[in-house]
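Undergrad: Each chain is listed here by its residues.
Number of protein chains: 6
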Amino acid sequence: MRLHRALPRLFGHVTADAHCDLPCGVYDPAQARIEADSVLKICQKYADNDDSEFRSRAILIKEQRSELVKHHLWVLWTDYFKPPHFEKFPELHQLFNEATKAAGASGTKGSMDAGKAQSLLDQIDKIAEIFWETKKAA
Amino acid sequence: MRLHRALPRLFGHVTADAHCDLPCGVYDPAQARIEADSVLKICQKYADNDDSEFRSRAILIKEQRSELVKHHLWVLWTDYFKPPHFEKFPELHQLFNEATKAAGASGTKGSMDAGKAQSLLDQIDKIAEIFWETKKAA
Amino acid sequence: MRLHRALPRLFGHVTADAHCDLPCGVYDPAQARIEADSVLKICQKYADNDDSEFRSRAILIKEQRSELVKHHLWVLWTDYFKPPHFEKFPELHQLFNEATKAAGASGTKGSMDAGKAQSLLDQIDKIAEIFWETKKAA
Amino acid sequence: MRLHRALPRLFGHVTADAHCDLPCGVYDPAQARIEADSVLKICQKYADNDDSEFRSRAILIKEQRSELVKHHLWVLWTDYFKPPHFEKFPELHQLFNEATKAAGASGTKGSMDAGKAQSLLDQIDKIAEIFWETKKAA
Amino acid sequence: MRLHRALPRLFGHVTADAHCDLPCGVYDPAQARIEADSVLKICQKYADNDDSEFRSRAILIKEQRSELVKHHLWVLWTDYFKPPHFEKFPELHQLFNEATKAAGASGTKGSMDAGKAQSLLDQIDKIAEIFWETKKAA
Amino acid sequence: MRLHRALPRLFGHVTADAHCDLPCGVYDPAQARIEADSVLKICQKYADNDDSEFRSRAILIKEQRSELVKHHLWVLWTDYFKPPHFEKFPELHQLFNEATKAAGASGTKGSMDAGKAQSLLDQIDKIAEIFWETKKAA
Chain L
1345 MRLHRALPRL FGHVTADAHC DLPCGVYDPA QARIEADSVL KICQKYADND DSEFRSRAIL
1405 IKEQRSELVK HHLWVLWTDY FKPPHFEKFP ELHQLFNEAT KAAGASGTKG SMDAGKAQSL
1465 LDQIDKIAEI FWETKKAA
Chain H
1345 MRLHRALPRL FGHVTADAHC DLPCGVYDPA QARIEADSVL KICQKYADND DSEFRSRAIL
1405 IKEQRSELVK HHLWVLWTDY FKPPHFEKFP ELHQLFNEAT KAAGASGTKG SMDAGKAQSL
1465 LDQIDKIAEI FWETKKAA
Chain V
1345 MRLHRALPRL FGHVTADAHC DLPCGVYDPA QARIEADSVL KICQKYADND DSEFRSRAIL
1405 IKEQRSELVK HHLWVLWTDY FKPPHFEKFP ELHQLFNEAT KAAGASGTKG SMDAGKAQSL
1465 LDQIDKIAEI FWETKKAA
Chain B
1345 MRLHRALPRL FGHVTADAHC DLPCGVYDPA QARIEADSVL KICQKYADND DSEFRSRAIL
1405 IKEQRSELVK HHLWVLWTDY FKPPHFEKFP ELHQLFNEAT KAAGASGTKG SMDAGKAQSL
1465 LDQIDKIAEI FWETKKAA
Chain E
1345 MRLHRALPRL FGHVTADAHC DLPCGVYDPA QARIEADSVL KICQKYADND DSEFRSRAIL
1405 IKEQRSELVK HHLWVLWTDY FKPPHFEKFP ELHQLFNEAT KAAGASGTKG SMDAGKAQSL
1465 LDQIDKIAEI FWETKKAA
Chain X
1345 MRLHRALPRL FGHVTADAHC DLPCGVYDPA QARIEADSVL KICQKYADND DSEFRSRAIL
1405 IKEQRSELVK HHLWVLWTDY FKPPHFEKFP ELHQLFNEAT KAAGASGTKG SMDAGKAQSL
1465 LDQIDKIAEI FWETKKAA
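Chains as they are written, first to last, in the numbering used here: chain L, 1345 to 1482; chain H, 1345 to 1482; chain V, 1345 to 1482; chain B, 1345 to 1482; chain E, 1345 to 1482; chain X, 1345 to 1482.
Incorrect hints may appear among the rest.
Identical copies carry no separate label here, and so any pair may be met within one copy or between two of them.
[What the hints assert, rightly or not] Using 25 angstroms as the maximum straight-line C-alpha spacing, the simulated SDA-like pairs for lysine to any residue come out as follows:
1. Lys1480 - His1429
2. Lys1432 - Trp1476
3. Lys1432 - Phe1398
4. Lys1432 - Gln1462
5. Lys1426 - Ala1449
6. Lys1432 - Asp1457
7. Lys1445 - Ala1482
8. Lys1479 - Gly1459
9. Lys1480 - Gly1369
10. Lys1426 - Asp1457
11. Lys1479 - Gly1369
12. Lys1479 - Glu1431
13. Lys1470 - Asn1393
14. Lys1389 - Glu1473
15. Lys1480 - Ala1391
16. Lys1480 - Arg1399
17. Lys1470 - Ala1482
18. Lys1480 - Asp1395
19. Lys1426 - Phe1398
20. Lys1426 - Gly1454
Simulated from the structure, these hints should not be mistaken for lab results.
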């Protein structure tokens, strides 16, 4: 089993601001995945609870978590991946563009559909697979 | 004269957090350019002033402004540009990837060289040119 | 046509934190105007869409954009305008005070009325007019 | 002794983002004063410690605390004070403008001089005096 | 009368980010109390106003203010209180753990009940009492 | 091998703001550990590089990463751990208090010593061990 798949519900309970661009050299697609997992859980809890106060809070928090997914993916795309990676995996640009869109207004930000959250998770898994291949090759 | 060149020193004196992903539909490459311009000015003032307190502040503020350039470009890449744009301008992915890298550790974050800030500005101008073509076509 | 009027939908998709107080010397009332424009668009989309999830998101995002209007105006008032400007334009203090109030609880934060957003835009335009006069004179 | 003078070193160890513009109706000039007091303490510790790492941290933290002073004063000026207050205390606009400038590049942000921090504190005290008079009158 | 009790509705209208860990040596439980007071006022205004837009804003702002209570208490617990304090007041750990929980999902974040806000205020008062005893002893 | 030990350099390249207090129910001590690992890497790079600009950036970024360690630990202590956990592991309060102090002014914030960063990592590992025991028991 690939390790990043085994990660037991890591969380990313923070609001993105800036990534460590020293750089410290530490990257992992798990962070984006964790936020997307949090988004999925929020969608599921929302579906099971029709209290209007709870639902307002869920919408607010899902917005923040989705933004974090976008941020973590952007950081990977710009800061971790280098030209040789893009040559070897030419689909990477589109994968990242679609995954970040999937966490935006047309995706998990704009919808409470757990299916959209699951689809976002699947896209992150595709990116993670490539990420770990490049780490293995390094 | 191209409009985005004519912008008289717009500023972007804010720290990025989240973009309006309602979406409100308002986008402009000027914001990234303004931050890059601020980075350039900081590099120039740094070169002209060897006071250590001033220099510490300049490094700190340049870090924030460079992060803003990255954020504004990421927002354009994910939220404004759609599949038909990427088909028509296949170089867009690489342009954005290089421009955001140019605002990171290997670019304006990691250096006080005004040349790197100017190069970042030039890359943003290329993106802006395509942006305005797509707006005209819309 | 005055340039700042010609700005084609600049955007300000960021959350304010701190302005570049090095200072880098780059200021423009367009940023406040863009946020106010975003607020106006949100009000219009809100009026056209009675989906409760969409409306919750609109309220949340409008709150952030209104806060940005306030921040950008405060920065101009404190950091750009100097004593000679206030002598020449004694109405400036009140203009800024009213415009920032117009983006607060009694204005666009506390209301979904597009008229309030338009009024805020008009107040920013008055400030911008003075701003550009002072720049011309400099 | 006036109460706000007696405040025993309240602290304001937070980074400003947004003020509660519901509004909840709770205002106090102490917050700005506390941040200015923190700035003063930082300047004093900086003068007593010539370790370069310590000094870099002091500059960084003083920048944030000064920004907080500005933010708290802006909130008071826009959100608490109303037209009747400005009529009764016509010097208020200038007091606020000068105090926020005193926390900026020409004041405590741009200098490690404890005298500038003390001067900022004095300006905040003048504002506080008026604030408490308006509260008493309410 | 104890001074911290006399504080006339100090406010803490900011979003927490980082505490001044230079450290500048300035601490006060009033900040947490002020935020909790703001939470209480929001709950009361919510109860008196059934406008759905107002209520959405109240939920959003209460979430932020509750987060601030947690942050300010965490800072006191980690940064102000030292081993000798915990020896002398062995109940401190639990007091802080319960107070921060009282500002979270099971407390003021998850509820619009003014009683929960009042209970949070009472817990902060207990902490403040110990805080001032340790200051007096210092 | 325990999974959380195996985590291959997860990263936490974000600035803490608020944790998902819906709650979504997703927690993991890995986040704090990742930030501490980033702090360690920064200390090592600092020791190997005496360029003053690089060092200023390292100090600035280490400050942010250390703050994130504190935030992630506070969230675990308040939001994940419940009374039965504290009964079963009475050392937990002190462990958390010491670990958060180890990321503050007396620890990794106030020092560039890689030993302090390693010690912080060790303290987080002790907490993680208890965390996973409670998860297993759940």
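Undergrad: All hints are to be evaluated individually against the structure, with a verdict given for each.
TA: To see whether the hints hold, each was checked on the structure:
1. Lys1480 - His1429: within (12 angstroms within a copy, 34 angstroms between copies)
2. Lys1432 - Trp1476: The answer is within: 14 angstroms in one copy meets 25 angstroms, while 32 angstroms across copies does not.
3. Lys1432 - Phe1398: neither (46 angstroms within a copy, 32 angstroms between copies)
4. Lys1432 - Gln1462: So Lys1432 and Gln1462 fail the 25 angstroms test inside a copy (27 angstroms) and across (30 angstroms) alike.
5. Lys1426 - Ala1449: Between copies only: 13 angstroms across, 28 angstroms inside.
6. Lys1432 - Asp1457: neither (34 angstroms within a copy, 32 angstroms between copies)
7. Lys1445 - Ala1482: Classified as between; 20 angstroms across copies, 29 angstroms inside a copy.
8. Lys1479 - Gly1459: neither (30 angstroms within a copy, 27 angstroms between copies)
9. Lys1480 - Gly1369: Within one copy only: 15 angstroms inside a chain, 32 angstroms across chains, cut-off 25 angstroms.
10. Lys1426 - Asp1457: Intra 34 angstroms, inter 22 angstroms, cutoff 25 angstroms: inter-copy only.
11. Lys1479 - Gly1369: within (12 angstroms within a copy, 30 angstroms between copies)
12. Lys1479 - Glu1431: Answer is within; shortest intra-copy Cα gap is 15 angstroms, inter-copy 30 angstroms.
13. Lys1470 - Asn1393: The answer is neither: 32 angstroms in one copy and 35 angstroms across copies each exceed 25 angstroms.
14. Lys1389 - Glu1473: Neither way: Lys1389 and Glu1473 sit 29 angstroms apart in one copy and 29 angstroms across, limit 25 angstroms.
15. Lys1480 - Ala1391: Neither. Shortest intra-copy (40 angstroms) and inter-copy (28 angstroms) distances fail the 25 angstroms Cα cut-off.
16. Lys1480 - Arg1399: neither (43 angstroms within a copy, 31 angstroms between copies)
17. Lys1470 - Ala1482: So Lys1470 and Ala1482 pass the 25 angstroms test inside one copy only (19 angstroms; across, 31 angstroms).
18. Lys1480 - Asp1395: neither (48 angstroms within a copy, 32 angstroms between copies)
19. Lys1426 - Phe1398: between (43 angstroms within a copy, 22 angstroms between copies)
20. Lys1426 - Gly1454: between (32 angstroms within a copy, 17 angstroms between copies)
In summary, the structure is inconsistent with hints 3, 4, 6, 8, 13, 14, 15, 16, 18 from the numbered list given earlier, while agreeing with the others.
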